[in-house]
Each structure stands twice: as structure tokens, then as C-alpha cells.
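Q: Protein chains in written order, with the numbering used here: chain Y, 1 to 368; chain U, 1 to 280.
Calculated directly from the structure, the hints in this document are not laboratory data. These numbers were taken from a predicted model, which means no experiment stands behind them. Hints may be right or wrong, so weigh each one.
Unchecked claim - Okay, derived cross-link-like pairs now, DSBU-like style, lysine-lysine, Cα gap no bigger than 30 Å in a straight line:
1. Y:LYS358 to U:LYS79
2. Y:LYS358 to U:LYS80
3. U:LYS80 to U:LYS183
4. U:LYS79 to U:LYS183
5. Y:LYS250 to U:LYS83
6. U:LYS79 to Y:LYS250
7. U:LYS183 to U:LYS83
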Amino acid sequence: MPRQANAVDFWRGFALVTIFINHIPGIFYERLTHRNFSISDSADLFVFLAGWSLRLLVGNPDRASPAYLVVRLGGRALQIYAAQILIIAIAIGMLAAAAVLLGNPLLLEWHNAAAVFYDPVPTHVGLAILTHHLGYFDILPLYVVLMLMAPAVALIDRYARWLLLPLSLAVYFAALGFRVTLPSWPVQGEWFFNPIAWQVVFMLGFVLARSDGAGGFARRNIAWLRIVSVPIVIAGALVIWNDWWPDPTKVPHPTLFFIQSKSYVTPMRLVQFLALIALFSATYPYIRRAAPGLVEFLSLLGRNSLNVFCVASLLGLGGQIVRFIYRGGIVADTAVLAAGIAMLALTAWLSEWRDRNKAPRAAVNSPA
Amino acid sequence: MARSEQGTAGRGQFAGVIRAMGALAAAGLAMAAGLLGALAGEAAAQSQPPALTRECTAPGTSTATESPLPNVAAALRRKKRIKILAIGAASTAGMGNVRGGYQALMLKMIKEAAKGVEVEIINRGVSGELAEQAAQRLKIQVGLTTPDLVLWQVGTNDALSYVEVERVEHAVTDTVRWLKEHKVDVVLVGLQYVSGMARDSHYQAVRVALRRIAQQENVIIVRRYEAMEILERAQRAEPGAAVDEFSASETAYGCMAQYVARAISVALFGRNLTPTPSPP
């Protein structure tokens, strides 16, 4: 039986839908997502909740052996890697098919795909080792790296819990201070989502999911944390609406401490994100009462997040191609949105249907 | 809806054109490098910008507007070193056997020819992003890398995503002015020529808007669309010619490298190297 709808699955479903929309640049509905009033966006929420879910995956620390944790979490990293390779292969096929059918070579260059078609030998190596990313297909490589770190995280959490957050913050500030990131290859550049910086979002999710430590502190003091969050969230919205970004050439060093960068999830963005979740986490009970159907729906998506995320990425690309064919417009945008969300729901439903059918068969096959 | 006039074409033709363009790019860049060397005082004999290779020469059209690059010139005089930040969806796909594509080729040739001038190209292209997002990231990268010149390939994603032309124009204009205020030169690289987009009004509107911005702000725009359009027409006019759109697209990258190098060269020979005043 799938688990009951809950806040984590609900917000994860919310993040998945907004990621799908934000991955179709130019779509009308893009202007309705929360990044239009928030410095952080659905990517922050997705990674934070991935960290939160890692807590659930690790489970009761007294039960699982260290070896079990390493194998289980390593297996999860492998699963995400496999998902990335699969969707990249399909995405390349989609771009190639669209370019050929429409007779338009420009489509081969969309989203960093040009190197795949015009310099395939090293680029295929880059795809396999995750150093070459297609545009809008760059979150899962981050997730793979985070899950590769997960066994160490789980072990530190077990044996030196107090060390986890300071260590994560130290790595984060070192990444910002010394501009440490992972390079892309063969196309020169950097990872769009720098894992060395973004690990802090993942780790915060993991740490805050605990009912003690930092998580316990947040729960005990959530009322005043929300009060503090209000001006931060308002200030973030004002920055967005008025374009009040700090001038990157005029801030003190280290520059990344004082500017807004998504790649490095800089402090300005991180603080605004924490304020946003402190504030909006209060709304879940009200949403559940007011719109139980919506909560069930988004929780369905959130429960099956990896499958839904993969399909959302491909639908996002498909949506872009459809918009290109029909030259955008509100009708095409609405059709893309409606069809896309329906497909996401179908993906989640099929995932649970498959699990439901697997369970009785497993019971039949297992010895009494 | 239908934007295909060429249909599917053989891939072999593409590769051939790419290689040809790579060679052309190399030649053009070498010439540009010679110019840079001259500016550094070590190749004073060169006083003309490099000619384009035959494959990239589009008769009757200029491949770039001519505008000064005062900050690059000043950097060369001061430190014999220039730093170029490449932003946008610029592909660095390989051309022929050159790894790293047109930027690597450009860098290599400039270094070979312009002895004593250190040239660094920092590629921070992120594919898929619109002009508005690229503008924000561009400013961050200027703060982090302190370039003398920004090479900004812009507009293609906005055109393909049917983003309103006004939004593109606003983002690009605002950013060009910001760069001027911060004493960073900019070379815009305009849209690519694809015959299937020749009648696409939105694509053309974005192209014209970029040219208008370059003219108004007195910055260089590399007009590869116009050049490649003429080249393709000339190719089609040849008896028995079969133009492969896909290979032409690859070829365009080789020529783009030449056009960019030439534009920089022409600007640095400059008759007017005083900084362009920012618009009020």
C-alpha cells in the first residue's frame, strides 16, 4: 500500500510540477511559479527534500548495519545514475528526431546537444562520466554525487552526528571562498549545479528531518523562526521585482559570499530558501483541509519522485519542441501544461500500480 | 508550423563542411592573432585585419559591424594580455580534429601568431538559457572572472522558445549598457542562418532586434546569419550542388570563429579607441 499523503510528499510533488513548468522556457505558466517572487526556486526544494528523504531511507540507525547502509545508498546512487543515462539517451533521440523531421539543424544545438552530434567521441565519454550535461538535464548528476556521498553521511550521522552540519558548512564555505566546483568536459565550463556547494541544501534537509539536534531546535522554535522569515521572504520578493541584485563587481571578497548565484547556492539564496520553507511549511494543514484532492494528487507525484522527475524532464523537452512547432501561444502552452501534468500523474499511478501487482506475486512466490 | 525546406540530408556532407570551416576559422584566427601581436608591439608590420578564407567570404556583405573595443585595446597596451569571457549557448563542438571547437582553435591560433600576447578564453556557456537568465549569469561571471571582453552569443534560445522580442531586447540592451559602465567590451554573436527559419517572423524579429541594439549601443555584432545566408545561396547556385543544412550549420561555427576574430581585429586596428560613452 502506498503511504498516506503527507507534507513531504506533497511539497515534493509541488516541486516536481514547478520543475516541469520551469523547464519549458518561454511557457506562459512559467511566470506563475514561485521563482517569480522567490530568490530560491523548485530546485532548492527538490534537493532539500531529497536530503529529508535520505533520513527516511537511512531509517532507524539502530537497525541497519553500516555495510547495509553503504550497499543500500550506493544502490540508490546507481539507480539515479541509470535514470540519468536513460533520459539523456531519450532526450538526444528526441532532439535528433525533431531536427530531422523538421529539417532544422538548430535543434541539434539546443541544450548543449551540439557537442553530442558534432564531436561525439569525447562527448559520449562525458555523458557516461557525467561531465557533459544537457541543459535542463543537470539536476540528476548533482543527485548522483549527493547519493554517492550518502553512505559517508549516514555513517557520520551514526557515529559523530554533531560533526555533520559543521562539516557540511565548512565544505560549503570553502567552495564559495575558493570557488571550488566540478568542471564540465569536453565542453569547457562548470557544472550548473555545483555539488560541492549544493550538498549543504541536501544536508540541511537530512539534518532538519531529525526530531532532535538542529531539527529539534527548528521544531521547538518554529513560531519565532516564522516571524523572522517574514521580512526575509518579503525582502527576497522585492529584490526580484525591483532587480535589486548586488553588483558582482562591487561586493567585497570572497565575491560569492555576497552575490546571488544559483550554481553555488550562495548564502543570500540559502537563507531566503530556509525562510521560505519555514514560512510555507505552516500552510500544509490548511491546504490539506481546503484542497484534499490537490494534496492527494501532489503526494502521489511526490511518492514516486524519481520516475516522475525523469518523465517530467523528458516532457519538458517535448513541451519545448511542441511550442517550437506551434510557435508558442497560450493555447499551445495550456495544452502542453495539461498534457504534461496528466502524463506525470499517469507515471506516478503506473509506478504504484506496478508495485501493487508486484507485492502479491512476491507473496505467492515466496516460501511459506 | 512547417519550417522545413530541406528535409533530411546526409550526415557525411555535414562533416565535410565542418572540417572546411574549421580550416577557415583557423586561418582567420591566425590573422587575428597577427593583429593582436601588432598591437602588442611585436608584429608592428601587420596593419590590416585578416582576410577571411574563401569558404567564409560572403561577397557584398560585412560579417560584423565595426565598433571600437577600447577596453581590450587598453588591456593589450597595459599588460599584453586579454581575457575573453564566452557566454551563451555557444557550441564548442569539435570541428574536424580540433578538440574544443572554435574557441579552442581561436585561442590556439592567436597564441601562435601573437607572440607576447597572452589570451585567455573562459567559456561559461550554459545551453538552453534565455537572454534574461544569461544576462544575470553574465554579470556574476564578470564579477568572478574580470574579463576585458565578453563574447555573447544570444538570441537563439529566445527565438526558438518564442519569447517576446521586447523581453530579449530589454535584457540585451540593459546588459550591454551595464558592461560599458563596468569597462568591459562586448561582441554580440547574432543568430545563426538556417533556411527553415528564413520566413519565421519571430526569428527574424529577434535577429533584427539584436542588430538594432548593436547599432544603438555602438557595439560589434557578428552577422553570421547574413554571411551564411549569402554563402548558402552561392552554394545552391552552383550546378549540381546539394546543400546540406546540417553540415552548413557546422560550417557556420567555423566561419563564426573567423568572423569573431576578424571583428576583434578590425576593432583593435581602431581608428577610434576612446571609450564609447554610455547612453544616458
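Q: Compare the structure with each hint and give your call.
A: Hint-by-hint comparison with the structure:
1. Restraint check: the Cα-Cα separation between LYS358 of chain Y and LYS79 of chain U comes to about 69 Å, which exceeds 30 Å; the hinted pair is violated.
2. Note on LYS358 of chain Y and LYS80 of chain U: the hinted pairing is violated, with a Cα-Cα distance of about 69 Å set against a maximum of 30 Å.
3. Of the pairs offered as hints, the one joining LYS80 of chain U and LYS183 of chain U holds, with about 17 Å between alpha carbons and a cut-off of 30 Å not exceeded.
4. This hinted pair checks out: LYS79 of chain U and LYS183 of chain U have alpha carbons roughly 16 Å apart, not beyond 30 Å.
5. For the hint linking LYS250 of chain Y to LYS83 of chain U, the alpha-carbon distance of about 19 Å falls within 30 Å, and the restraint holds.
6. Restraint check: the Cα-Cα separation between LYS79 of chain U and LYS250 of chain Y comes to about 23 Å, which is no more than 30 Å; the hinted pair holds.
7. Restraint check for LYS183 of chain U and LYS83 of chain U: the C-alpha separation of about 13 Å stays at or below 30 Å, so the hint holds.
The structure shown violates the earlier hints numbered 1, 2.
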